[in-house]
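S.K.: As you go down the protein sequences, you meet chains A and B in turn.
So that you can map any letter, position 101 of the first sequence is 101 in the working numbering, and since no number is skipped, the others follow by simple counting.
So that you can map any letter, position 119 of the second sequence is 119 in the working numbering, and since no number is skipped, the others follow by simple counting.
Don't take every hint at face value.
The list makes no distinction among identical chains, and a pair is therefore deemed to hold if it is satisfied within one copy or across any two copies.
Unchecked claim - With a Cα cut of at most 25 Å, we get these calculated BS3-like pairs of lysine-lysine: (1) K150 x K75; (2) K6 x K136; (3) K136 x K116; (4) K105 x K95.
Treat the hints as calculated values from the structure; they're not laboratory data.
The chain contents come next:
There are 2 protein chains.
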Amino acid sequence: MSKKEKDPKIQEKITEFKNLCNALGLKLTHQRLEIFSELCRSVDHPSAEILYKRLLKRISTLSLDTVYRTLMTFKEYGLIDKIETTENQSRFEVKMSTHHHFICKNCNKIYDFDWKDFDESALPDNLSNIGGVIHKSVIVYGYCNACDEKKNEKVNKLRF
Amino acid sequence: MSKKEKDPKIQEKITEFKNLCNALGLKLTHQRLEIFSELCRSVDHPSAEILYKRLLKRISTLSLDTVYRTLMTFKEYGLIDKIETTENQSRFEVKMSTHHHFICKNCNKIYDFDWKDFDESALPDNLSNIGGVIHKSVIVYGYCNACDEKKNEKVNKLRF
DNA sequence: AAGAAAATAAGTATTATTCTTATTTAGTAA
DNA sequence: TTACTAAATAAGAATAATACTTATTTTCTT
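Take these sequences, add in the hints, and give me the full structure.
M.R.: Next comes the structure, spelled out in structure tokens:
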């Protein structure tokens, strides 16, 4: 999995995380730090189970329940985001900056993309009849270029 | 549950459904028709289990598995939509027209809202690097007015 | 360094969804 | 209409995803 090992932004985020844990009265355990760091480094919006498998290499005694529980806690405190999907396995991310998601209908990969115009646009008035908005995001569906290429390879194989 | 029992739009949608089943080679079973109709009438984006419970009143021998299987099939053929959520129970809808979702952070209710300007707006260019888009939608989060009212009631009770 | 509160690991439990198989049904063709 | 065939269903078992229980360990405080 493509990681950004020593990206200063990640270091910064982890420092911020430590400070927030302190401020929130969350104990800064080894597990919490590793789970948060791993999720920070992950660019693929991993599930709890995927994270757990990656983390086992660093903490061999880690339990899957701890990953679930910790992600839950992080989410409750707004330290990470749970992603909206149609899959039945939850996926997570640490948001470094505002972005939106492209989800591939074939491979289910989630890609981030920026859309400044959207971020700056006002929501429709009729929303006030429903409630007060705290956060907005766009999800787009389609077939990612990687999947298209694979499909073309197969077609070419059939052809020759 | 607020239903629109004899709404002509729903009747139309059901007729369309029957035609599509025919065209797609899907057998038009009693179960399929009832499941589709019930989902059409539902304004609350129900889960498979909720649908199942409602349908039991009409088809006492219905099995939950049939509901799951049928919803899956419908989704595969694009007859219904599975909704993006952060919950672990899947939720579904029959889309009568383009709309977007407001999800209440407190009660998890999903409200529909229209946003024509968004529907007509062009997606950012950088998306072509990721893949070809087929569908786009907005999700907004917040606290719905119903939950706000309840909260205020509690506060008032505490106050007096 | 010691103690209290919180977090973890391990195993168990629950919830959500899917699979297996025998039976039934819809659509088709005689 | 009747009979046939493929597809769909019901029931129950199985799997997958997540959460709970409790004894032990760890962090943070003093």
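S.K.: Given a CA cutoff of 25 Å, do K150 and K75 count as a within-copy pair, a between-copy pair, both, or neither?
M.R.: So K150 and K75 pass the 25 Å test across copies only (24 Å; inside, 36 Å).
S.K.: Is the C-alpha distance from K6 to K136 at most 25 Å within one copy, between copies, in both cases, or in neither?
M.R.: Answer is neither: 31 Å inside a copy and 34 Å across each miss the 25 Å cutoff.
S.K.: If the cutoff is 25 Å on CA atoms, where do K136 and K116 land: within, between, both or neither? Let me know, please.
M.R.: Close inside one copy (13 Å) and across copies (16 Å); limit 25 Å.
S.K.: Between K105 and K95, at a C-alpha cutoff of 25 Å, which is it: within one copy, between copies, both, or neither?
M.R.: both (23 Å within a copy, 19 Å between copies)
Consistency with the previously given hints fails for number 2 only.
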